[in-house]
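J.: What follows is the residue order along each chain.
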Amino acid sequence: MILRALVFATLSVYTIAARADTPAAPVAQLHQALLALPADADCEAQIARITAAVDGSYDLPDIARRMLGTHWSGLSAEQQQAFVARLRQSTILQYVTRFGRAEGLRFSDDGEQAQAAERVRVDTLLHRPNGTPVKLQYLVQRDDARWRIVNVVAGGVSDAALRRVQYDAVIRREGVEGLLSLLEMQNSELREQACAPRRTAQ
Amino acid sequence: MARMRELAAHADPPTGASAGLWGRLAAHCIAAGHAHPAIVLLALAALLAAALLAIGHGLRVDADTASLMSDELPWRQNERALERAFPELGDTIVAVVDGSPFATEQTVERLLNTLRAGSAPLAAVYAPGHGEFFARNGWLYLDLAGLERLATALNTAQPLIGRLAAQPDLPTLMDSLRLYVERADEGQRARLQPLLDAISATVEATLDGAAAPLDWSLLFAPGGERAQRRFLILTPQAGAHASALAAVRAAIEALPADSARTRLTGKLPMWADELDAAAAGAWASAAASLAFVAGLLFLGLRHWGLVAAALLNLLAGLVLTAGFAALAVGRLNLISLAFGALFIGLAIDYAVHLLLRYRELLGEGRSAAAALAGAGSDVGSALLLSALTTAAAFFAFVPTDFRGVAELGLISGAGIVIALLTSLLVLPALVRLLHAAPAAPAPAVSATLRAIAESPIRHRRAVIALALAAGLLAAGFALSLRFSYNPMHLKPVDTESQRVYQELVEGVDSPLRAQLLVADAEAARRSVERLQALPQVERALWLGSFVPAQQDDKLAIIGDLAISLGAALPERIEPAPVDTAASRSAIAALRAALAERGADDSTEARLARSLARWLAAPEASAAALQSALLGGFPWLVNRLREGLAAAPVALAELPDDLVARWRSAQGGYRIEATPRENLDEDAALIRFADAVAAVEPAAAGAPLAFVGGARTVIRAFVEAFALAAVVIVVLLAILLRKPLDILRALLPLVLGALLTAGTAAALGLQLNFANIIALPLLLGIGVDNGIHVIWRARHHGGNPLLGSTGRAISFSVLTTLFSFASLMLSPHRGMASMGALLSLGLGLTLLCSLGVLPALLPRPSRNRQADQQQSAS
Chain G
1 MILRALVFAT
11 LSVYTIAARA
21 DTPAAPVAQL
31 HQALLALPAD
41 ADCEAQIARI
51 TAAVDGSYDL
61 PDIARRMLGT
71 HWSGLSAEQQ
81 QAFVARLRQS
91 TILQYVTRFG
101 RAEGLRFSDD
111 GEQAQAAERV
121 RVDTLLHRPN
131 GTPVKLQYLV
141 QRDDARWRIV
151 NVVAGGVSDA
161 ALRRVQYDAV
171 IRREGVEGLL
181 SLLEMQNSEL
191 REQACAPRRT
201 AQ
Chain C
203 MARMRELAAH
213 ADPPTGASAG
223 LWGRLAAHCI
233 AAGHAHPAIV
243 LLALAALLAA
253 ALLAIGHGLR
263 VDADTASLMS
273 DELPWRQNER
283 ALERAFPELG
293 DTIVAVVDGS
303 PFATEQTVER
313 LLNTLRAGSA
323 PLAAVYAPGH
333 GEFFARNGWL
343 YLDLAGLERL
353 ATALNTAQPL
363 IGRLAAQPDL
373 PTLMDSLRLY
383 VERADEGQRA
393 RLQPLLDAIS
403 ATVEATLDGA
413 AAPLDWSLLF
423 APGGERAQRR
433 FLILTPQAGA
443 HASALAAVRA
453 AIEALPADSA
463 RTRLTGKLPM
473 WADELDAAAA
483 GAWASAAASL
493 AFVAGLLFLG
503 LRHWGLVAAA
513 LLNLLAGLVL
523 TAGFAALAVG
533 RLNLISLAFG
543 ALFIGLAIDY
553 AVHLLLRYRE
563 LLGEGRSAAA
573 ALAGAGSDVG
583 SALLLSALTT
593 AAAFFAFVPT
603 DFRGVAELGL
613 ISGAGIVIAL
623 LTSLLVLPAL
633 VRLLHAAPAA
643 PAPAVSATLR
653 AIAESPIRHR
663 RAVIALALAA
673 GLLAAGFALS
683 LRFSYNPMHL
693 KPVDTESQRV
703 YQELVEGVDS
713 PLRAQLLVAD
723 AEAARRSVER
733 LQALPQVERA
743 LWLGSFVPAQ
753 QDDKLAIIGD
763 LAISLGAALP
773 ERIEPAPVDT
783 AASRSAIAAL
793 RAALAERGAD
803 DSTEARLARS
813 LARWLAAPEA
823 SAAALQSALL
833 GGFPWLVNRL
843 REGLAAAPVA
853 LAELPDDLVA
863 RWRSAQGGYR
873 IEATPRENLD
883 EDAALIRFAD
893 AVAAVEPAAA
903 GAPLAFVGGA
913 RTVIRAFVEA
923 FALAAVVIVV
933 LLAILLRKPL
943 DILRALLPLV
953 LGALLTAGTA
963 AALGLQLNFA
973 NIIALPLLLG
983 IGVDNGIHVI
993 WRARHHGGNP
1003 LLGSTGRAIS
1013 FSVLTTLFSF
1023 ASLMLSPHRG
1033 MASMGALLSL
1043 GLGLTLLCSL
1053 GVLPALLPRP
1063 SRNRQADQQQ
1073 SAS
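Line by line, the protein sequences are chains G and C.
Okay, so the first sequence: first residue is 1 according to my numbering, each after it adds one.
Okay, so the second sequence: first residue is 203 according to my numbering, each after it adds one.
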């Protein structure tokens, strides 16, 4: 088991190092981490693993800024930091809840497509043991010579669009603080879900 | 009774008492014409042939109202400078396309393809806001708030768009909608309704066998403001106006049924509609008035031969005058086109006066030749004098800046001279050929008529008092008589081009804009600033205005949208296969989800019913529904992809066809100022034009042309009337000599003018570019009538109304009145108002000449009449 993990980790490092400056690199890094999740001891270990992967592959400050659109400049520096932190938490915890116990998954490449200068869409397929493959499309953008994920489209549905519309409605209704506490609440729910005893889940 | 008989005996004394030089000359002409009809008519035939040749070669109709004004006028020079710098902006056909963004874009594209590929004689085809540049950068032209609303709407719709982009089929559409319906909060639900309503309509239409494909452009209209208006501006090749218009109309006719509503307006269609309206019924009206004139002439002359002679004489004069117009001017404008009507109205008078006197003399037993010559010497001087005064009144317009009337003045003035000459030379020749039999004696004047005719003389004081009072009252009203500045109000109401114009003039697309040509970009910027500062100006534009404002913010929004929405848009949408079973179950699932929500009259319930109907219908075809609902989807994806590719726009990036309309080949810049108020109101029109002209003296454009034109016309009429008045008084002084008679001749003129102006004002009839030509005509006829009455009274004594003169005046005015009254039926508002003013004016002038003037004449002296009788015998 340990050996397997070691070999796997070595391979992963090798793969990532080999493709560090390609658009597919952050996607591969994320996928590796996701596939490794079920093997982790507990949800805290899983969270730690995905945190590293998300921090390494996502451009969260950029995503956060775009997500709030014109609201962003109205936030105080503290609010901006708090929002980035909670968005990061939310992203990480969603991965853990969705992939933490999913065995037998497999990713395959489905091509790349240039979207604009310094922006590429990396298409992949997520194969589940039973069920049709899901199309996962990552929009990656180069910033300071590194490619980073700025949006994920799952089965045609864009995460950025979904969240943007949701957050916009919340800010208009309850203000920025309302959004921050809502995210806080959602995150703790996600954490509960992620760390619930394994047998009761699913 | 005895007095009546006495009066009757003296009413028509013998002729030849004091013919004078002019009378003798007229008598000689008439004698010559009567003696040598063959020579006269051969000469006439040759002249007519030459005139017809000249007309065929050199007389065209110019419907451009701008060319009615002298090119020397400052505002005309501004206008011409703009026309030279931007020739394709001049005479255009404007197609106005109204519909949803999808339908208008598709329709504009179809029209462009037809018109560019076809053989339509168009020099330029321009679709503002259409084309690759605007497809890509169009969102930059929304305001920031509008673009944000659009971005939110598109993000909301993203799950639907994204799923369909991956799998454009019915199950995907229905499942996505079901997820929306199940999860939507109130705000999302409201945003979803237009789409659900449209899908409902498409489902119903498909079941009813109608083609109503779902218009996906509704996703671009978050606020429900789906209607979009596009323009196509078409410039015909020089000289191909009519065929270009026909080709454009044909292209619109040929549009498929699902195209957006397309209507035509603009200068050329409006001219065409205007000319059509002016011509509509013109033949019937001409025939009717000719019949009236012929009937009236017969009542007066009692012989068809004489009627024919008068009409043929008239026709010959008309052709000769048109020939003169072809040689001297070369064109007829919208105003000088009326020379025909004026000619008929005035020229028939000479024949009527001559022939009625001729008949009168025949009745006294003279031979035809002697009666004609006698008529010439009796009325010749009056005819000559009235012809000279009328011609003078017309020629007085020649030096004015109102070229429309200046040309009318030249043509009509010449026409009067021609009419006099043909009446003295050709008419006798025609009479000789057509009036062989001696006429029946002149009809006796009935007692009633006689009593009426006597009343002005009998009740002299009352008549004068009444005339004075009426004149004063009319003068009071006349002060409120206004000139209508807007020539658009003269055009026929019920034409497509006019209706579209009326719609446009109320909004920001108003065609009544000010324009300006400046030398460089810096000057353009300053001018736009100055104009924009005016409270009367809604918006001032120059080329630089087409560089979108707040581009950084807008590009940021579009950039975010490219990430949130653009990522899931494929380059090409492949049509998906139809899966009937999956479609039916997805539709059933959506129906069930909808049925749980919304009251009976809600959007959800409506769609649920439509879907239930579809599921129950035996003829329902999943393939047909998929094609109706998703056939337009690839268009949406393409438009989104194009819109997301927006890039910073600088002056240099603007498309060439746009630039060509704002920067001239010489590098000058065009500026446009749109009014804030609806300029259909004259007061607003004047405010706007004056405000713009005050800060930009070089400004041109329709509002300035209207106001400048109106002022030119008013000035022209004041100048011309002053000149005409002087000339008429001088002529009257030479020919009448007695100061009192001069005053008497002028009186019906002044009183008639006052009464006409006062009554018109009281009736709400405004002066305008068209009916103002009634004024010279009234001047001519008014002074003629006065001269005839005075001449008769002076040389024959008695009541001038009871002889041939009163009848001649009545008949000639009535013929004219009838021909003009028929104009009131014209659908062309300018023509109709001309008819109204002329009829009114002629009626009142006749009243003054026959009802008031005799009351001012010296009492017929018994002794003098007796003297005359003695000297004659």
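Simulated from the structure, these hints should not be mistaken for laboratory data.
All C-beta atoms in this analysis are idealised placements derived from N, C-alpha and C, irrespective of residue type, glycine included.
Watch out, some of these pointers could steer you wrong.
Facing chain C, from chain G, some residues (calculated, C-beta under 8 Å) [said to hold, decoys possible]:
hint : residue
1    : R88
2    : R106
3    : V134
4    : Q137
5    : A160
6    : L182
Just a sample of chain G residues kept apart from chain C, beta carbon distances all over 10 Å, derived [claimed, not checked]:
hint : residue
7    : A41
8    : A45
9    : R49
10   : S76
11   : V84
12   : S108
13   : D109
14   : D168
15   : G175
Ranges between beta-carbon positions, derived for each pair [unchecked claim]:
hint : chain 1 : residue 1 : chain 2 : residue 2 : range
16   : G       : V134      : C       : V749      : 40 to 46 Å
17   : G       : E118      : C       : F335      : 34 to 40 Å
18   : G       : G104      : C       : A797      : 34 to 40 Å
19   : G       : G56       : C       : V749      : 48 to 54 Å
20   : G       : D55       : C       : R727      : 19 to 25 Å
21   : C       : G320      : G       : D110      : 25 to 31 Å
22   : G       : G56       : C       : P820      : 56 to 62 Å
23   : C       : A826      : G       : A102      : 46 to 52 Å
24   : C       : P820      : G       : V134      : 33 to 39 Å
25   : G       : R128      : C       : P820      : 37 to 43 Å
26   : C       : A797      : G       : A52       : 44 to 50 Å
J.: Decide, hint by hint, whether the structure agrees.
T.: Checked hints:
For R88(G), the interface hint is violated, since its Cβ never comes within 8 Å of a Cβ in chain C; the closest pair sits about 18 Å apart. Hint on R106(G) is violated. Least Cβ distance to chain C is approximately 20 Å, over the 8 Å limit. Taking 8 Å as the C-beta cut-off, the interface hint given for V134(G) is violated, the closest approach to chain C being about 11 Å. Hint status for Q137(G): holds, given a least beta-carbon distance of 6 Å to chain C, under 8 Å.
For A160(G), the interface hint holds, since its Cβ comes within 8 Å of a Cβ in chain C; the closest pair sits about 4 Å apart. For L182(G), the shortest C-beta to C-beta distance to chain C is roughly 13 Å, which exceeds 8 Å, and the interface hint is violated. No Cβ of chain C approaches the Cβ of A41(G) within 10 Å, the least distance being about 35 Å, so the stated non-interface status holds. Chain C leaves A45(G) outside its interface by the beta-carbon criterion, the shortest separation being 32 Å against a cut-off of 10 Å.
Interface exclusion of R49(G) from chain C stands, the closest Cβ pair being 26 Å apart, more than 10 Å. Separation of S76(G) from chain C is adequate, the least Cβ-Cβ distance of about 20 Å exceeding the 10 Å criterion. Every Cβ of chain C is farther than 10 Å from the Cβ of V84(G); the closest lies at roughly 16 Å, confirming the non-interface assignment. Every C-beta of chain C lies more than 10 Å from that of S108(G), the closest at about 17 Å, which supports listing it as non-interface.
At roughly 17 Å, the least C-beta separation between D109(G) and chain C is larger than 10 Å, which holds for a residue marked as non-interface. Under the 10 Å C-beta cut-off, the non-interface status given to D168(G) relative to chain C is violated; the minimum distance is some 6 Å. Separation of G175(G) from chain C is adequate, the least Cβ-Cβ distance of about 16 Å exceeding the 10 Å criterion. A C-beta distance of roughly 44 Å is found between V134(G) and V749(C), which places it inside the suggested range of 40 to 46 Å.
Hint check: E118(G) to F335(C), Cβ distance near 24 Å, so the stated range 34 to 40 Å is violated. Here the CB-CB span from G104(G) to A797(C) is close to 39 Å, well matched to the stated 34 to 40 Å. Checked against the hint of 48 to 54 Å, the pair G56(G) and V749(C) fails, with Cβ atoms roughly 42 Å apart. The given range of 19 to 25 Å is broken by D55(G) and R727(C), whose C-beta atoms sit roughly 50 Å from each other.
The supplied range of 25 to 31 Å is broken by G320(C) and D110(G), whose beta-carbon atoms lie about 47 Å from each other. Between G56(G) and P820(C), the C-beta spacing of about 59 Å keeps the proposed range 56 to 62 Å intact. The hint said 46 to 52 Å for the Cβ distance between A826(C) and A102(G), and at roughly 41 Å that hint is violated. Under the hint 33 to 39 Å, the C-beta atoms of P820(C) and V134(G), about 37 Å apart, fit the expected range.
For R128(G) and P820(C), the Cβ-Cβ distance of about 40 Å falls inside the hinted range of 37 to 43 Å, so the restraint holds. Checking the proposed 44 to 50 Å range against A797(C) and A52(G) shows it holds: the Cβ atoms sit about 49 Å from each other.
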